[in-house]
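J.: Chains as they are written, first to last, in this note's numbering: chain B, 1 to 590; chain V, 1 to 292; chain D, 1 to 305.
Take these hints with a grain of salt, some might be off.
Said to hold, decoys possible - Just the calculated beta-carbon pair ranges, DEER-fashion:
1) 17(D) with 462(B): 19 to 29 Å
2) 451(B) with 11(D): 52 to 62 Å
3) 11(D) with 246(V): 15 to 25 Å
4) 570(B) with 234(V): 54 to 64 Å
5) 39(V) with 567(B): 18 to 28 Å
6) 529(B) with 303(D): 15 to 25 Å
7) 259(V) with 13(B): 26 to 36 Å
8) 224(V) with 254(D): 27 to 37 Å
9) 231(V) with 152(B): 50 to 60 Å
10) 16(D) with 415(B): 46 to 56 Å
11) 261(V) with 19(D): 29 to 39 Å
Don't read these hints as lab results, they were simulated from the structure. Bear in mind the structure is a predicted one, so any value in this text is a computation, not a measurement. No residue lacks a Cβ here, since even glycine has one placed at the ideal position from N, Cα and C.
Listed below, chain by chain, are the residues.
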Amino acid sequence: MSELSIVITGRAGQGLQVISRTLGRMLVRAGYYVFVTQDVMSRIRGGHNFARVRVSSGPVAADGDKAQVLVALDPALVARHLPDLAEDAVVVTEAPAELPAGMNAVVIPLADLAREHGEDPVMANAAAVGATLALLGLELDGTEEMFENQFAHKGNEVVKRNVAAVRAGFRAVEDDHKRCCSHRLGTPAHGLGHDPKLPGSFGHVPRHVLISGSEAIALGAIAAGVRVVTGYPMSPATPIVAYCFGHAQEAGLIVEQPEDEVSAANLAIGAAFAGARAMVCTAGGGFCLMNEALSLDGMTEVPLVLCVGMRPGPATGMATRTAQADVLFSIYAGHGEFPRAVLTPADAGQAFLAAQEAFRIAWKYQTPVFILFDQFMADSLWTVEEDDLRTENRQGRQERQASEPMEAYSYRRYKPTESGVSPMLVPGTPEQLVYADSDEHTEEGHITESAATRDLMVNKRNSKLHGIRQELGEVKVEAEVEAETLVFCFGSTRGVVAEAVARLQKKGHKVAMVHLRYVWPFPAEAVAGLVTKGKKVVTVEQNHTGQLAQLLLQEWGLRVDGIVRRYDGRPFTVGEVESELEKMMGVGNG
Amino acid sequence: MERDVAEDKAWSTSAETTWCPGCGNFGILAALRQALIAARLDPWQVVIVGGIGQAGKVAQYAGANFLHGLHGRAIPHALGVKFANPELKVIAVGGDGDMYGEGGNHLLHAFRRNPDIVCLAHNNGVYGLTKGQAAPTSSLRFTTKHREAGTHMPPFNPLAAGLAMGGSFIARGFAGDQKHLSRLIGEALEHRGFGFIDILQPCVTYNHVNTAEWYRKRVYDLELESHNPLDADVARARILEWPAPGDDVEIPIGVFYRSRRPAYETCGRPGQAITGLEFDTGVVKKAMEEFR
Amino acid sequence: MAEQLTPRSFESADPIAWCPGCGNFGIREAVKLALSELGLKPEQTCFVSGIGQAAKAPHYIRCNLFNGLHGRTLPVATGIKLTNPELVVFAEGGDGDGYAEGGNHFLHALRRNLDMTYLVHDNQIYGLTKGQTSPTSEAGLRTRTTPCGAIEPAFRPLALAVMMDTGFVGRGFCGRPRHLADIIKQAVQHRGFSLVEILQNCVSFNHVNTAKWYSHRIYDLAEEKHDPADRDKAYQKALEWGDRIPLGVIYKSGRESYGVLARDMTEVAGTVPDGAASLRGGDCPPLATSERTPALVDRLLANFR
């Protein structure tokens, strides 16, 4: 598998996100799998931000070890990235730089090119894209079309200037420069659409998209029929609401950013009560404010999807960085006892599907469902095959679970059933009335203090968990290799762990990964089936207290043999997971 | 207490500011420092309580004691500090999203209760730190990157809410007129009660409508119009001048309204720091009588 | 077959848990009267309430209802109205619910001006939790929490509403259900956010502002030929309290409702949050009945290829 990594560095405000996405898309179109991660500070200008673009002829879902190319929009930042670079790396920069032997500087006057062709110094980023593609031996086919697509909303002028800057950067790379760079990409022999082993009929070229985790959640929700989206600005959830705002008219959405999070959560509940598929988006601290509303949702049995983004806490913590420390909180939040599901998708593809699943479960069981993600999953750009983005429930039609005709004004919203799910009507149904109440209530929905009714309702609500469990499907060991050690993980660490485990397997270690794409209802039985006698279990998670390990203990009595942790706000690297796991398995223990 | 208050080195800090070049916050921070120095205060006598957002970071940069808490909760935090030690000068600072959105309820009740603290609301009509969403003071139809059709709600008028709630010191300043703002802050510091100042500022990165120039062309000083801040009816008329629709508007700045009302914590509360009080065990003994 | 609607059509079977003599009974009478005279069927209405004695009111009439959380009435009501503009939406609750816990939502709902009617039962005390001071308690009121008398001056909801240029601001009294019913009807017919402050006594916990105390002081603004479009006058009337307390329609701003504004700006049918041209029905169908086309997802994915 041929691959290389590019690091792009600059100050906030220099358009790093634009470059990494543009470059990434062009590489996907050229036939590569691309994975992009962003490292961003909590500020709008200045500071130090960077992106990593990993390009490969096979699927990738983790950062590469060392980068072969460094594009520095601000020459002063070159020195900071030297430890990230391979020995024969190439540095593309404005000004000549002091580099260790073996590395080469390719000096391109990016700012000048930007001013001359793009008429704006910010377009140094576009010039950098062009230069990088030239260095790597690629062409600019389809550039114009892609920019039209990406910047259409900014107007023709901006598109033209961007394209001009890209072309200028491309042309500025001369043969001398190319000789400095031993790294080439070219058209992949095996890559997207070129692998004869790919399923599908002859000539079928699967289409791929490069999409962030948050966009995938938003798009997935739209595909699942969401109509009302609410949220209050908070990283890393803000882009989900922003995407919905941007496509509100086209997709027929009502998107509201009200005065505070409490309002956002309650507004979504009101909307769903009235029959619209609704979703509220927030992150750690904002979700704290929604606890009460979550409890209300559990009591009133209103279908609700909550997108909760994890970042380092407690309190404000590190706004633009990643963590996986709110798992237990999400499972136990909201006072009182009521069922919920907590989905933990690994990447954009899983996130899109999780949105389908979330709405399906929420509306079938009239319960809150979480799409629990982290900043790393949300902000990275993933290559996803479109055929994998299966949609369900495209129509937002009112769910009608009772088809038997009813006598006028006889509807009982909380009628007990075997599954615990009562037939659901929405207000406005002719000749029926719908009641929802946060107090304990009768079958009709009126307030009650009766002990017997209380028991009935508690049992009814909580019995829904059984059905939810059935919906969620199996959990399995991936790439099983007669493993003696099972590595458990959830959410966005899947890519890193999978790659680390693959390396260990190549070395002869008997180790395999189990990834949980949902953590609640906890798949205790499935786990029990996998962890047979004598196997060691290790968790890999981005928190301090080992929350997945705690879940394994709580739900199934399993004490793990080790925990690989990282909680400094940065994602795991493949190398560190590999070495930590190796240590845990004992050196030479194959 | 004698000291050389021209030493504004005493008010400096090693924290690096993370604001964009040209941000209105620089002017506001400078005005705040000038006011604190002119009031002959020592940094240790002052507690700045900040919300979350670019404006709230003033707490970190002002050089005084600070509590940098949660989005929207600067006022409750400030009240707590003031109750515990009324001798401290307490200043709550935050942006418009922070003070008028998330913290709207706290602001409303603060006007009513009249605690002796200063409240500086940096009003740039947009959410800066989270990258450009519309805020409660964004004008109607204000467009953002994702909301091209514009907002559907008219802007919030905090001074109007303040007057309705019986606020005792209602003022507006402008980051572009540091001298004037510094004087206003000085008056708010002196005022016994809730000293509220709505401070207009540009956001060079995300609000391309209400720029510094846009404000400069429209603001006018109430004092130069012989405004009488003791007259509630006149204050009301000036307060309702802006926000208003249209480009052809005039924006008054200065003290709109001032009244003398008892400050909250002076009503039936010990005037000294709770932290300095001794605990009298006799109190418990006496209370236990009730249960014998 | 059109059923002749009377106040009885709006009676529910739920046993009432209010104290005998509670002001809520009078308010309930007014609500039933108003609904029947407006010609609304029970299922065309949706009442959203918070928590408190007042918030129980929707249980005691026939309507769709969402009895949610203390202070969170307005957000839920907003969600319902945006989703199904055909429903006539009421928010209902007490003064603690609305002005303390719900203060922020109240403030911004006044600004948003979405078409709904907010009935605030204001008895200037916390009833359900047994007698604490509320935001509208007058300074000096002695209660469990203020044995030396309330320190803070009262919250001034009507003054706030006038300063926020609220669409419709009215005040009624539980002891005058006929008059209150008329205010409520006007509030419902107004396109936009309508605030109806309803003064009421609390027989159990407020021994100052009793029904008798009110009856000596209230007067009808209509008798003075008050012009609700006059904002200055309205503000003065909003602040009037003590020996004379005005009832009636205090202010009408003439501002466009949120829905009309949104529709004018987006001009896309089917995404209009609130476009009902008349009290019932309208040109915008409920979201619950809308369809999603598969082609949409394909179009959106194109931006990522």
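J.: State for each hint whether it applies.
T.: Structure-based check of all given hints:
1. About 27 Å separates the C-beta atoms of residue 17(D) and residue 462(B), a value consistent with the hinted range of 19 to 29 Å.
2. In this structure the supplied range 52 to 62 Å is violated for residue 451(B) paired with residue 11(D), their Cβ-Cβ distance being about 28 Å.
3. Distance hint check: the CB atoms of residue 11(D) and residue 246(V) are about 51 Å apart, inconsistent with the given range 15 to 25 Å.
4. Between residue 570(B) and residue 234(V) the C-beta distance comes to about 58 Å, which sits within the given range of 54 to 64 Å.
5. Residue 39(V) and residue 567(B) have their C-beta atoms about 43 Å apart, which leaves the hinted 18 to 28 Å range violated.
6. At about 42 Å, the CB distance of residue 529(B) to residue 303(D) disagrees with the hint of 15 to 25 Å.
7. For the hinted restraint 26 to 36 Å between residue 259(V) and residue 13(B), the CB-CB distance of approximately 45 Å leaves it violated.
8. Between residue 224(V) and residue 254(D) the CB atoms are about 33 Å apart, so this pair conforms to the stated range of 27 to 37 Å.
9. Between residue 231(V) and residue 152(B) the Cβ separation comes to about 55 Å, which falls inside the hinted range of 50 to 60 Å.
10. Between residue 16(D) and residue 415(B), the C-beta spacing of about 24 Å breaks the proposed range 46 to 56 Å.
11. Between residue 261(V) and residue 19(D) the Cβ separation comes to about 36 Å, which falls inside the hinted range of 29 to 39 Å.
Hints 2, 3, 5, 6, 7 and 10 from the earlier list are contradicted by this structure; the remaining hints agree with it.
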